[in-house]
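> For reference, the chains in residue letters:
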Amino acid sequence: MKLELQGITKAFGGFVANDSIDLVVEPGTVHTLLGENGAGKSTLMNVLFGLYEPTAGRILIDGEPVAFRGPGDAMAHGIGMVHQHFMLVPVFTVAENVALGDERTRAAGILDLEQTRRAVREVSDRYGFNVDPDARVEDLPVGVQQRVEIIKALVRRADLLILDEPTAVLTPKETDELIDIIGQLKASGTAIIFISHKLREVKAVSDTITVIRRGKVVGTADPSADATELASLMVGRAVDLSLGRRHSDGGDVSLEIRDLTVIDELGVPVLDHVDLDVRRGEILAVAGVQGNGQTELVEAVMGLTSGTSGSIRLEGRELLGRSVKEIINSGVGYVPEDRSTDGVIGSFSIADNLVLNRYDRAPVARGASLRPSIIAQNADEKVREFDIRTPSAQNTASTLSGGNQQKVVLAREFSRELKLFIAAQPTRGVDVGSIEFLHRRILAERDKDIPVIVVSTELDEVAELGDRIAVLFHGRLMGIVPGNTSREVLGLMMAGSTAEEAFAEADRSGRSTTDPDEPQLPGGIA
Amino acid sequence: MSSPTRSPLQRLRRSGALVSVLAILASFVVGGLLIAFTDRDTKEAAGYFFARPTDMLSAAWDAVAGAYAAMFRGAVFNYDAGTFLGMIHPLTETLTAATPLLTAALGVAIAFRAGLFNIGAQGQLILGAILSTWIGFTLELAWPLHLLLVVLGALLGGALWGGLVGWLKARTGAHEVILTIMLNYVALNLLGYLLNNALQREGSTNPVSPVVNPSAQYPLLLGPEFRLHLGFLVAVAATAFAWWLMNRSTLGFEIKAVGANRAAARTAGIDTFKVTVLAMVIAGALAGLSGAAQVNGTEKFLSESIAASIGFDAITVALLGRSRPIGVFFAALLFGAFRAGGVTMQIATGTPIDIVLVVQSLIVLFIAAPPLVRAMFGLNERRGKKNKNPKGAAGAPATVGGDQ
Amino acid sequence: MSTRTLTAPASTAGTAPAAGTGRRSLVLYSAGALIALVLFAFMSPGGTATFRLSAASDAFQIPALPVAVTPAGWTIALLLLAGTAYVLWLRRSGRGVPGWVPAVFALLFVSGVLIWMVASATNPSISLLSLLTGTLALALPMVYGSMGGLLAERTGVVNIAIEGQLLLGAFAAALGGSISGSLIGALVSAALGGVIVSSLLTLFAVKYQVNQIIVGVVLNVLVSGLTGFLFGTLLSGGAGLNSPPRMPNLPIPVLSEIPILGPLLFNQTILGYLMFVLVAVLWVGLYKTRWGLRVRAVGEHPKAADTVGIKVNRTRVLNVLLGGAVAGLGGSFYTLVSVSQFSRDMTAGTGFIALAALIFGRWNPIGAFLASLLFGFATNLQYVLSQAGTEVPSHFLAMLPYVITILAVAGLVGASRAPAASGQPYTKD
Amino acid sequence: ACGAAPEEGDGPAAEEIDYKACMVSDEGGFDDASFNQASHEGLLKAEEELGVQVLDAESTSTTDMGPNIDEMVQQGCNIIVTAGFMFENLPLDAAEANTDTKFVVVDYGYETVPENMRTLNYNTAEAAYLAGYAAAGYSKSGKVGTYGGGQITTVTDFMNGFANGVAKYNEDKGADVQAVGTDTFVGNFSDTVKARQIADNFIADGVDVIMPVAGPLGQTAVDAVNESSSPDDTVVWVDTDGHEYANGGEEAVLTSVMKKMGETTFESIEQDVNGEWKGGAYLGTLENGGVGLAPFYNFESKLPEGMQSELDALKEQIIAGEIDPLA
Ligand SMILES: Nc1ncnc2c1ncn2[C@@H]1O[C@H](COP(=O)(O)OP(=O)(O)OP(=O)(O)O)[C@@H](O)[C@H]1O
Ligand SMILES: Nc1ncnc2c1ncn2[C@@H]1O[C@H](COP(=O)(O)OP(=O)(O)OP(=O)(O)O)[C@@H](O)[C@H]1O
Ligand SMILES: [Mg+2]
Ligand SMILES: [Mg+2]
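From first to last, the protein sequence lines stand for chains A, B, C and D. According to the numbering used here, the first sequence is numbered sequentially starting from 1. According to the numbering used here, the second sequence is numbered sequentially starting from 1. According to the numbering used here, the third sequence is numbered sequentially starting from 1. According to the numbering used here, the fourth sequence is numbered sequentially starting from 1.
Just chain A, same shape as in the assembly (with noise of 0.2 Å):
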């Protein structure tokens, strides 16, 4: 299917989210979207799967005009989408997500579950998905719940596949498969369309890539274009995606982590005997593939998990068993993984996000009382100092994107004298010039000699950040290797290999055990 969008503009109010976008996607390629957050990508793909109406311009289909009144029609048209956001009942298993808008029934419109599970399991088979039918989507992991999500728009014959940023929340593995996949349905003919911020897999993917830019398209770039270049294009000035950071070994050890254990509610060990040790001035980045425990480890050191045994000592003070409060009070920065439902308070106002771990202390309360005032100056000066892009910071952080709220909780933390700071997925759908930014504030403050954890399933960013790597694994550390392992090592450690197994193992293919890209500096505290 060939598909165009001709003068594609949507306005929100008086807000124009995109202005005359023209596009083609050819039947067999993949056509990729790059653009910063906000830049109108989703909206556009929106419009074209018919969840908006657009406000000008029109959509043809192998050169007939075409209007969609609902996503009924798209993908009556052969149109399919995987959105940003999954689009999957949480409660339903996956059979009945899949069913769900396009049912087998049986008389009386009794569901014929069983068709649709044999057409999941069809598909499953054919591209290797391993997606058990009956499985509740809430139950699986976020890998799964994407597969599931392509799932549906394949059991729908779709030609056009859209793929809003899937690779957001998905491992690295996950990842390389999902690229597989793409390659696949190519080949059978599937046209698609593929956003994401993560340049290199732009670069792996695409045949055509098409930049957008506060809602207009800039321009067309070749996917053998260097990252640094697409970058640039993205954001409209020069990015450097280098940081530019020294490696530092550390000073003493701040944040002594001892045989760490959380138990969840089903009485599974979710955290196992953890030991960890975190000097002041060095960034220990915590790997792993989502959900084996590097959510519980930060938590357990915020206070929030029950079931949890062992020591958490900071400065050699106990923080097991106290509360979230007395935690943060001690000095704890922290960046939750999920900022919109942990981060910040969407109907609050920035401006009292900014205080949300400190309105009752001095100087933001006197006594039981809030000071407006100081609240609004403090709104203020963060504000401008983080970049926070909004018109004022009375409005509500409901209406920042993404990016902008992730700024909103590290300008906040950063507003203490921390003694520990802890990020969890800290630029999770993040675009490159937002990630940047977040990147040399968090460096910022490892050079203020604070000790700081950041957990990321993302390797770049492990890469990126990390004095030392941790790798967690089922609940058990794998191992802690220097912040140049390769991915090579970091990924079979991540699959549940031990360090040293992981690096015989490279060593023995005759790869690398070190991040080419990595600048190799040995010791020395910056």
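One should not assume that every hint holds.
Label-pair distances were calculated between CB atoms; the ranges are [said to hold, decoys possible]: (1) C:Lys311 to A:Asp447: 53 to 63 Å; (2) C:Met43 to D:Gly142: 56 to 66 Å; (3) C:Lys303 to A:Pro482: 41 to 51 Å; (4) A:His85 to B:Phe377: 31 to 41 Å; (5) D:Thr112 to B:Leu221: 28 to 38 Å; (6) D:Thr112 to B:Gly82: 54 to 64 Å; (7) A:Gln6 to B:Phe377: 21 to 31 Å; (8) B:Glu140 to C:Ser125: 48 to 58 Å; (9) B:Glu140 to D:Leu326: 33 to 43 Å; (10) A:Gly316 to B:Trp244: 32 to 42 Å; (11) A:His85 to C:Leu255: 51 to 61 Å.
Just a few of them, taken from the derived set where beta-carbon distance is under 8 Å, the chain B residues facing chain A [what the hints assert, rightly or not]: (12) Pro224; (13) Arg248; (14) Ala257; (15) Asn261; (16) Ala263; (17) Ala264; (18) Ala268.
Hints were generated in silico from the structure; no laboratory data involved. Keep in mind that this is a model prediction, so the values were computed, not measured. Beta carbons: idealized from backbone N, C-alpha and C, even for Gly.
Once you have looked at the hints, place chains B, C and D with the ligands on chain A.
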């Protein structure tokens, strides 16, 4: 949210004062139609509508205008009264009627902001009334001290009943809607039991308590001609307190945070257990205060119907006031006016009092749906200026169920 | 806080009330067993409690069931102690508590209370049959109310207006029945009455996106005022507008002769039979059909439903209207079965109890049905016991249903999660 | 909608006089099928027969009661009737403050009644006693029952009198008729489903005479009896004559315990209109006819031989003070 740059007045204007006025107008029109259609004279005149249509129209007009004029005379200003005091008497009645509504609604509003749908003001009020009655007639103390104890007792009674809900909710996850509904009935039966036993007036076989001692009563503010009592000023003070709590205090910040996003609040170190309990304790205490206003202000003794429908009306008042203390204050005045005006309207024009309920509810609905009102009055709906976040604006939890 | 939250708010499916686990239920088990030991065993009033199994008017008389109170009390207390020990053991060995345990435990405890209370009455004999038939009758309007609520809430529209739907249903049945003189007319009007309330709910809550709780709360007041007003001005004029036809019981031949079950299940009015059908159909519909899948999707994740071509707001409107019809039909029970005329505020808060039953039953038709039955049972128990002349003051007896509900909700059921999108209006651009 | 327009000056049927008779109800409202309604009918009768102007107001809560009375005074009422104990001292205070206005207080009394006030109370237990006696005599099953709306004196007086009447019958006849439900209360005066269930429980239990004392809920017992499988089941109605008053009362109502609030209210107004106001505390008894037992109508023939004369004798004894119906 603290938004120090905007004054309440500006906000009122921005929220579309015009629409509010039109909403009230529309509600009165609908109520007027009901009155007209059921008015005896109008129906009579309708019988010969084609013979002399003006009769019916003027009869209808008389019925409606008469009813509303009477309502105005009963609630705001009695232009027919001979004396100045008589003229302002209705206003004081409005304030008196608004007093218990105000405090109970503040309680409901605060619970709303914590994400709790508190249908239990009724029961909390009853517990407050029980304690303040008991303190009011058993103790013999000097005036300010005795009254103070009564008020404390009312606060305590309500706080216990509300706190119980908060505690059960926080501890077991039991749904507050179920808990509050059930506890209302438990409170009512407890009241019935006590009125037939420990609290029964000596020598009486009816379920009424003794009259509370004068030292335990709210003194009348404007002399014996008026029922307005000190409880009104206490309610005003409670409004000020609630305003401070919700807009200026750290606890209010916590309450709002928990109500808006429990997970984020917890991550930020807020003790959601404590906040849930405290929000319900405060809500209950405020409702308990209404109990004191009823017993020690207007009624002087306890009976089974002491709570009337105040606890339920309070929900509407809180919602109409968008769960903001200032808004609640004005909403309570409006409802107080209806209560006071309804009395006069019913008597002077024979219009059934139920019409007040109808008009009241329509006002709330219309005010909450500005586009509908604009459409009704042919005002062009401004495109793209959609009510972006109606549930936030209303200040009520959007859901009954689910731990947000 | 976990990976899950990345996609959409997690939520539980509509499963029936699940077994209580966790520490608090252990406390509850121990407390229950202890109370049983003290009350039923040590403080046993002794004597015999008699449970009659057929009505005085039944053709077929079954001998009454005498229970020796003290031995029964001891047996129950010991069984409960054993049950507590079993639960403790299960938890010690890290195993879950099977679903039947709390059910059996609760049943034993309730039987104990029942025997104890009957035995302490002046006339230690009650009719088990009328206790049970009454349970159904008292539950009936609640069941209709909660099913009506369920239809709305499953699509994500909070329905606080059940009370109003029942009341207008009752009113409309009286008016429509009187005018048409037929039961069909009465039932159709009743359904229409509920639909009227629903259409206001959808107008404000779906079209104008007013907070659904506000609309519901206010609609109840509106209906109370309106029916009160019309009752005073229209119905009580002596024009015969308040004399609806009666809905007779339709005993099913043969089946209704079965002892106990017959009078209980097979001697109902149309509304009574329809209640069972309704619960069953709703359960099947919700969990086994295309319609149900779509409805649940709309209530859990409207955007996801929208992206697969389901019309979210249309589904909502239709379901709320249907729910109104169901609740309205339930309201007709008041004026067609219970009593022969409409009176002011005659639903007396049943709609709120129905709402509680819906939540208690975790938005599941069968759960809500069982919750309503529990409530009906506790209510009727109160009357049956006071009729037998129990010592307990009537006001405390009257608290029974409410206290039992609180205990059940806080002790056994715990948190119940609403459909995830409940209360949130759905818009798109 | 057609018809001739009336000519100007066409007045109402009754000769209107310059006298305002007013009434304030308690929360029950004027259609409570009980004391409010009965008293209100007295008021309406005065409107019709005496030509007085009528103003009335329903109180939606206790809080409205004071303002309602005040407003009546403001409106220049000549006489103000209040019904129910919930009014407490409000009428008394108002009477003391407005000595030109007459007050009629139904179902409540004061130690000293001012001159411009008349309190109307009724010893309903006397008549209920007779009803209990008759019911016991009528009962084939040997079980009769009563239940109330709420636990208040005006209700429990009926119930206790009734139970004592049954006991009296047992004593005199050596019978063993049970009176059940003397502690059974619906808990309110509005929930018909609950009230109906109590009646159904009674019937299932073999109770064949039911006396509901629950205002509008009494109708549920009549319906239950009319729909029960046994034609012998009956109701003892209260306040008014259920034979006429209840829906389907002809077939169901054995007799009624009448509390003649309408008559006495009317009479009070009439007195004042005619300048014969007496004031003071009135107590309706069997003796003065303020309470009484309604006829048995169709059920007359189903009563045991000699019942009527036994009732007459009992009545005499009660009047003579030989029997205390509440003992
Ligand atoms: N429903 C809406 N109403 C108003 N404005 C919107 C709406 N949806 C998106 N926008 C605005 O349109 C712009 C484009 O948003 P869009 O989601 O398309 O960006 P994007 O390119 O997908 O960004 P990202 O890379 O972060 O996913 C943003 O500035 C956003 O604020
Ligand atoms: N209905 C709406 N009205 C106004 N703004 C909206 C609306 N819906 C979304 N937005 C805005 O659209 C912007 C972009 O939304 P989007 O979800 O695409 O964020 P994002 O930048 O992609 O973040 P993330 O990558 O973390 O998802 C946000 O500023 C959001 O507040
Ligand atoms: Mg996007
Ligand atoms: Mg994004």
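> Give a verdict on every hint.
Hints and how they fare:
1. C:Lys311 to A:Asp447: 53 to 63 Å: Holds: the Cβ-Cβ distance is about 55 Å, inside 53 to 63 Å.
2. C:Met43 to D:Gly142: 56 to 66 Å: Given about 33 Å between the Cβ atoms, the range is violated.
3. C:Lys303 to A:Pro482: 41 to 51 Å: Because 45 Å falls inside the window, the suggested range holds.
4. A:His85 to B:Phe377: 31 to 41 Å: holds (39 Å)
5. D:Thr112 to B:Leu221: 28 to 38 Å: Given range 28 to 38 Å: holds, Cβ gap about 31 Å.
6. D:Thr112 to B:Gly82: 54 to 64 Å: Since the Cβ atoms of Thr112 of chain D and Gly82 of chain B sit about 32 Å apart, the hinted range of 54 to 64 Å is violated.
7. A:Gln6 to B:Phe377: 21 to 31 Å: violated (41 Å)
8. B:Glu140 to C:Ser125: 48 to 58 Å: holds (50 Å)
9. B:Glu140 to D:Leu326: 33 to 43 Å: holds (35 Å)
10. A:Gly316 to B:Trp244: 32 to 42 Å: Hint holds: Cβ distance 41 Å, inside 32 to 42 Å.
11. A:His85 to C:Leu255: 51 to 61 Å: Distance hint for His85 of chain A, Leu255 of chain C holds at roughly 54 Å.
12. Pro224: Result: violated, 40 Å to nearest chain A Cβ.
13. Arg248: Hint holds; Arg248 of chain B Cβ to chain A Cβ min 5 Å, cut 8 Å.
14. Ala257: holds (6 Å)
15. Asn261: holds (4 Å)
16. Ala263: Where the cut-off is 8 Å and the nearest Cβ of chain A is about 5 Å from Ala263 of chain B, the hint holds.
17. Ala264: holds (5 Å)
18. Ala268: Holds - the Cβ of Ala268 of chain B comes within 8 Å of chain A, reaching about 4 Å at its closest.
The structure shown violates the earlier hints numbered 2, 6, 7, 12.
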